[in-house]
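Residue numbers (the working numbering), protein chains in the order written: chain A, 1 to 423; chain B, 1001 to 1277; chain C, 2001 to 2312.
Derived from the structure by calculation, the hints contain no laboratory data. Computed from a predicted structure; not experimentally measured. All residues carry an ideal CB built from backbone N, CA and C; glycine is no exception. Errors might be hidden in some of the hints.
Unchecked claim - Some, not all, of what chain C presents toward chain A, calculated at C-beta under 8 Å: (1) Lys2059; (2) Phe2061; (3) Thr2160; (4) Thr2172; (5) Leu2175; (6) Gly2259; (7) Gly2260; (8) Ser2262; (9) Phe2280.
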Amino acid sequence: MRISRTIRPVLLALAIALAALGGQGTAQSITLDMPSWQATEPGTSDWWKALIADFEARNPGVAIEFTHEPFSGYNQKMVTRFAGGNPPDIFHMPAANFMVYAQEGWLAPLDERLAAADAPVLTEWSPVQPTCSYEGQTLCVVILGYGYVLGWNQAAFEEAGLSGPPTTSEELIEMAQALTVDKDGDGTIDQYGFVFPTVTHAGVETTAGSFIFEYGADAHWVDAEGNLQRDAIKYAWTQMRRMIDDGSVPLGLDNNGKRQFFIEGRAAMMLEGPWIQGFINSAAPEIQAGLQVAQTPFGGAVYGGASNVLAVPADIASERQELAWEFIQLFTTSEWQAAYATIAGQPPARKGVLDAAFLAANPNMEQFVQAAAVARDYLPPAYVTEYTRFRDLAVEATLSAVVQDQDYDRVLDQLQAELRRLR
Amino acid sequence: MLLRRRTTTLLVYVLVILTLIALLFPLYWMLVTALRPGNQLLSYPPRFFPTDLTVETFRRVLSETLIFRWFLNSTIITGATMVIAVPISALAGYAMSRFRYAGVRETGYFLLVARMLPASLLIIPLYFIFVRLGLNDSYVAVIIANTTFVVPFGAWMLKGFFDSIPRELEDAAMIDGTTALGALARVVLPLSLPGLAATTVYCAIITWGEFVFASTLISGADRWTGPIGIASFNQQYLVQWSDIMAASLVFIVPVILFFAFLERYLIQGIAAGGVKG
Amino acid sequence: MIPTPTTLTPTPAPRRRLTSAARSRLFAVALLLPAVAVVALVILYPLLMAAQMSFYDVKVFRIARGFTGNPHLRNYVDMLSSPGFWQSLRVTLYYVFWGTLGSFAIGLFTAVLLNQPFRGRFLARVLIVLPWPIPGVVAASIFMWMFNASFGVVNYLLLTLGIVAEPVSWFTQPLPALMAVLAATIWKGYPFFTITLLAGMQSIPGELYEAARVDGASASQQFRFITIPALRNVIGISLVISTLWLFRFFEVIYIMTGGGPSGATETLSIQIYREAFQYFEMSYAAAIGMVTLLLSVIATYLYLRATSRSFY
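Bound conformation, chain A alone (with noise of 0.2 Å):
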């Protein structure tokens, strides 16, 4: 049978297009859209993956779309994409951020699937879940409760004839003036005993935080009504300045030199969260091995929070939001909070998950969980929805009291004022 030349490419096209109906089959497919800065991170990035692999095989017909957003500059992206109107479908942030999302309307209250799933999250979770709560709803799921932890250089202190990591703040504050030495003799210091940093930056605020809540068991940067609890900040204040005046602390770093202090053997100790793993993995072999973690010398007072959480946007389509919380579902289940560990090397949010073998296998992990388990979430009482410039102002005042060495009161009273400010 002879096909007219002109109607051969219609027929074609045609053929070309029932085929591709025909492949499709009955069933939808759905593709939902995930950005993460986690999608390239070592051990995280294998365990979201895996997860999502999971999740996938499960729901034939959906799939994730899992990319890569750099973490410097996510928050802006993913309010811009808020405001404009395109968020994504499942998303994931990190909790500094939470609460311009909550404010604005744009996540999914979860109560109700939380309740009728009888998820673990209201009961078996992290202690800082109550962070992702806004007027009474909850609107996100912790991933990552932190307690901060000590890290320290065993070796170093088997040089300069201590034992064992400190178990008390005075303890801390010698420990750390004997291990500051200068082992050539020409002069400079080549190993501290710790370091903070000391230039404007949040990790400030974290070292002072860890003294404030060694003073008492319910101590903190202020009180429900917002007034400053001067004791508490003085005795921080005061802890941190003595070490600065001792030598004890290298001054001018921030957050990255800190943590590259540590890894390249030139600070003893540091307070870090669990992410140090990922620091002590890239430490040189040789000062890898006498890299050690223990828990803070602050009488049990563990300073923490949540590192980054899950939520649901509210303005996506419903049947997007219950694919996205399935989703969350599968995450809560003992099986990938286990893996969370076991892949991400991280502690999980939910509690028991573990094994006393695996702890006992990695003590490491079993300091983070330790620590996790009795974190005080570093949100203060008051100023939760400020928190972001609460934060930028402890910070100026602890550098001005601790770094500039001006006076604990002036510098206090200016710190209220400028508080009051703040709505």
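Go by the hints and put chains B and C onto chain A.
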């Protein structure tokens, strides 16, 4: 200004070398950082000529990341922007230079005003526009945005260069029968090659290094431009210093090669009473 | 009398004036149209939105919602009564002035130097431009390390050369912090001047210099009386461009000092970014943005007036 004596030439050489050392030292430091292992960066006293170098970082950056993809993307965007923005700037700059009507001046100022607000105030409405136009996650959006950044300054730069070309040359051409546009093309442009080269270089550098709009309007690691790729070496807590330094040094190579290519146009003297070579 | 050819054949006027003024105007409009179209279509809407936003109480800008409530001047009042704003204003003026001056000085010096004939000039020109395409965040990082009080190479050199007796703590004191951020900024900013001024120098006829030399003018006199005047327009516009860039540039300061210590390096551009994307008070950020715009307009006007005889 030409100084021709022997001693002054020696002086020039000395000054050039000293200046290059002083100004390029940070780049040398970047290179040293990139060639040392990431966990041994902080030796003190600083070692200016370290012996324990490794090319591992460069190898990893060049073979295990998508850096060549990022180059390609950056090249596409930068090339398209140049092709669009430089001619537009030339036309506008010529108008601003040769025509004294009232509206021309205001238009010139308006172009500058467009560059007086920081990106953080413009990004959300701009994103909204592009999403509405269906240009979300598209190079076209980035090219348009970059063109908008380059044209105001490009037009004014070229105005400055056109101003230094005497009008009599075009008048003479037009008396001979050339149209105004022809005069622009055949008389003015060849004489303003240095200015065009400078503006093109400016456009290339601005677009090559642009981060905010590219990162907002593009998604997916295989579609990133170079600056986004380099930024991606920063994790939430871990910063890969050596990788960033290595990638940055590699990243500037294409645009520097492009500059080297344009350099001979940059220093081309005018034909009439032309000065040196 | 027979009319002479000269009275019979009129001299043709230059074609431009032969064309009606309207056609000439149209031509000017046509030349300007693409630039205006691109800029207006893309930037005008966001610009107007930002301006409008400064009169409302927007935390995060959302087009769908529009502006609710009545316009007011509270953002401006808050801004003008906040000591942080005035400090930022001072810091900004300081930063923009010294940043522009430093970049211009080095740019002019290197342009003159690289305009001299010498072997290897091509290579020198390529090398001198290398800092320009380095991303701002990378430049900030390397300078932050170089200026680090404990392990930085700057302190090492200063100590070894005996210029200071003990290490300078660059980032914990106001003036050294400013110097450090200016160093990074000028390093990134000078190549623009080098290239622009070098290009501008190409259109200065060599005969002018020859004639001056024959007349006995020294090198510095040639520089003052030939080079600089000929470059006036180019200098003017490049100063404008650099100043406008510095008013908006914030990556270097943000990474090196975060605006500290105690706001000593906090410029208006840092404040705008902070208010917009850290504290999410975009209306307030927009108000500061309007101030930045006003400053930019004033600076532009002053520069163009000062450097152009026949400008607008």
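Self-check item: Which numbered hints fail
Solution: Of the numbered hints, 3 and 5 do not hold.
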